[in-house]
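**Student:** This is what each chain is made of:
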Amino acid sequence: DAKTTQPNSMESNEEEPVHLPCNHSTISGTDYIHWYRQLPSQGPEYVIHGLTSNVNNRMASLAIAEDRKSSTLILHRATLRDAAVYYCILRLLPQGGSEKLVFGKGTKLTVNP
Amino acid sequence: NAGVTQTPKFQVLKTGQSMTLQCAQDMNHNSMYWYRQDPGMGLRLIYYSASEGTTDKGEVPNGYNVSRLNKREFSLRLESAAPSQTSVYFCASSDWGGNQPQHFGDGTRLSIL
Numbered sequence: 011d012a013k014t015t016q017p018n019s020m021e022s023n024e025e026e027p028v029h030l031p032c033n034h035s036t037i038s039g040t041d042y043i044h045w046y047r048q049l050p051s052q053g054p055e056y057v058i059h060g061l062t063s064n065v066n067n068r069m070a071s072l073a074i075a076e077d078r079k080s081s082t083l084i085l086h087r088a089t090l091r092d093a094a095v096y097y098c099i100l101r102l103l104p105q106g107g108s109e110k111l112v113f114g115k116g117t118k119l120t121v122n123p
Numbered sequence: 002n003a004g005v006t007q008t009p010k011f012q013v014l015k016t017g018q019s020m021t022l023q024c025a026q027d028m029n030h031n032s033m034y035w036y037r038q039d040p041g042m043g044l045r046l047i048y049y050s051a052s053e054g055t056t057d058k059g060e061v062p063n064g065y066n067v068s069r070l071n072k073r074e075f076s077l078r079l080e081s082a083a084p085s086q087t088s089v090y091f092c093a094s095s096d097w098g099g100n101q102p103q104h105f106g107d108g109t110r111l112s113i114l
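Taken in sequence, the protein lines are chains A and B. Once you know that position 1 of the first sequence is 11 in the numbering used here, the rest is easy, because the numbers rise by one and skip nothing. Once you know that position 95 of the second sequence is 96 in the numbering used here, the rest is easy, because the numbers rise by one and skip nothing.
Isolated chain B (complex conformation) (with noise of 0.2 angstroms):
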């Protein structure tokens, strides 16, 4: 019962160093999704896959790049890490349309200094 994989858990990095998250899930779902959560905040979307081949910018896609290298995979590539980019970082995956539910990872907790 893997679900949605996020690796790593933690990291932390200098400002100005580049890092890729990696996420895979094992439900042959569609659709996979990159959030950030910040401190007392609710989850921001950054970028969406509705489908393998496509991606779209979501809510806060500035300072990010994502791939998805294959149905199972979905990668968030930050170039130059930045101070402001600290944060909860979680992957989510659903089936596509009819209101399915999304299936979300434990998150990458990433501390820019």
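This is chain A alone, in the form it adopts within the complex (with noise of 0.2 angstroms):
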């Protein structure tokens, strides 16, 4: 699986937008981007996902570069909910049968009152 590169912390003031960066330079043609957050105590949840384009959701926004060797996770409008550790993935289109997710050890994200 191809590697990411994400900062180890962030802090972020409530109700600011907050932009998490990713580096996957040997990302291949093939491969998604995935990003998941981890509250405190509980398991990881699935944010957004994309492969060329710019998506958005309800959660967050996933803005890919043009040679999609960085993407950033953009959460619009930080709040006290959204301190979490994120996870940038990278997941090859699947020939068949099931996904395997390799996670890194993510960005932890700080949102201060």
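Please keep in mind that the hints were generated in silico from the structure rather than gathered at the bench. As the structure is a computational prediction, the values presented were derived from the model and not from experiment. There may be inaccurate statements among the hints.
[Said to hold, decoys possible] Taking lysine-lysine pairs in the BS3-like style, the calculated list, with each CA pair at most 25 angstroms apart, reads:
{"id": "1", "chain 1": "A", "residue 1": "K13", "chain 2": "A", "residue 2": "K118"}
{"id": "2", "chain 1": "A", "residue 1": "K79", "chain 2": "A", "residue 2": "K118"}
{"id": "3", "chain 1": "A", "residue 1": "K13", "chain 2": "B", "residue 2": "K58"}
{"id": "4", "chain 1": "B", "residue 1": "K72", "chain 2": "B", "residue 2": "K15"}
{"id": "5", "chain 1": "B", "residue 1": "K58", "chain 2": "B", "residue 2": "K10"}
{"id": "6", "chain 1": "B", "residue 1": "K58", "chain 2": "A", "residue 2": "K115"}
{"id": "7", "chain 1": "A", "residue 1": "K115", "chain 2": "A", "residue 2": "K79"}
{"id": "8", "chain 1": "A", "residue 1": "K115", "chain 2": "B", "residue 2": "K10"}
Take each chain as given, in its own frame, and dock them per the hints.
**Tutor:** Structural data, given as structure tokens:
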């Protein structure tokens, strides 16, 4: 599985936008970029994924660089509930069978009131 | 909205004891997974089941066995627990193929003395 690099930690203030970066310089053409987050004492939670185009959903936006070697998860207005560890994961387009996630250490986001 | 349910939530074992962790999902998903998470680390895949009747090893399968009892249930067994297996264990499920997100339970916190 291709490798991703994320900062260990980031801080934000409540109600401000947050941009969480991820580098994936060895990404291949068929790798999807997935983001999960893990709140304290909970299992990971799916946030968003994309291939080439920017994506939006109710939780966040995903901005993907034109060369696909990096991406940014955007939380438009951080809340205290967004304090979590955010994982950026590359997943191959499956040829069949189930898909395995390979987690790194992620970015720990602290949101200040 | 049960999703993925894991039992028990907490357990303390002595070295050499055996234990089965239970996982059930109510989303009619084909694929199920077991991960472990050690302090400060991302999740690592132990075993997975692409569909009912099949199981495959993940990244760290040694010391564990699994059973896909039916489509809903996927159990993880420690035959002879060791202190190195102290961890938080997460079960997940997903639809088959097409970059479907994985849905996680809240974990079982297992301590082995």
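**Student:** Just to be careful, I want the Cα atoms of A:K115 and A:K79 compared with a cutoff of 25 angstroms; is the pair within it?
**Tutor:** 19 angstroms, holds
**Student:** Just to be careful, I want the Cα atoms of B:K72 and B:K15 compared with a cutoff of 25 angstroms; is the pair within it?
**Tutor:** Roughly 32 angstroms between the alpha carbons, so the hint for B:K72 and B:K15 is violated.
**Student:** Does the alpha-carbon distance linking A:K115 and B:K10 stay inside the 25 angstroms limit?
**Tutor:** 23 angstroms, holds
**Student:** Holds or violated: A:K13 with B:K58, Cα cutoff 25 angstroms?
**Tutor:** This hinted pair holds, its Cα atoms lying about 21 angstroms apart.
**Student:** Is the Cα-Cα distance between B:K58 and B:K10 25 angstroms or less?
**Tutor:** 24 angstroms, holds
**Student:** Given the hint that A:K79 pairs with A:K118, does the C-alpha gap stay at or below 25 angstroms?
**Tutor:** It holds: about 22 angstroms lies between the C-alpha atoms, which stays within 25 angstroms.
**Student:** Mind checking the alpha carbons of A:K13 and A:K118 for me, to see if they're no more than 25 angstroms apart?
**Tutor:** 18 angstroms, holds
**Student:** Would the pair B:K58 and A:K115 pass a check requiring their Cα atoms to be no farther apart than 25 angstroms?
**Tutor:** 22 angstroms, holds
The structure shown violates just one earlier hint, number 4.
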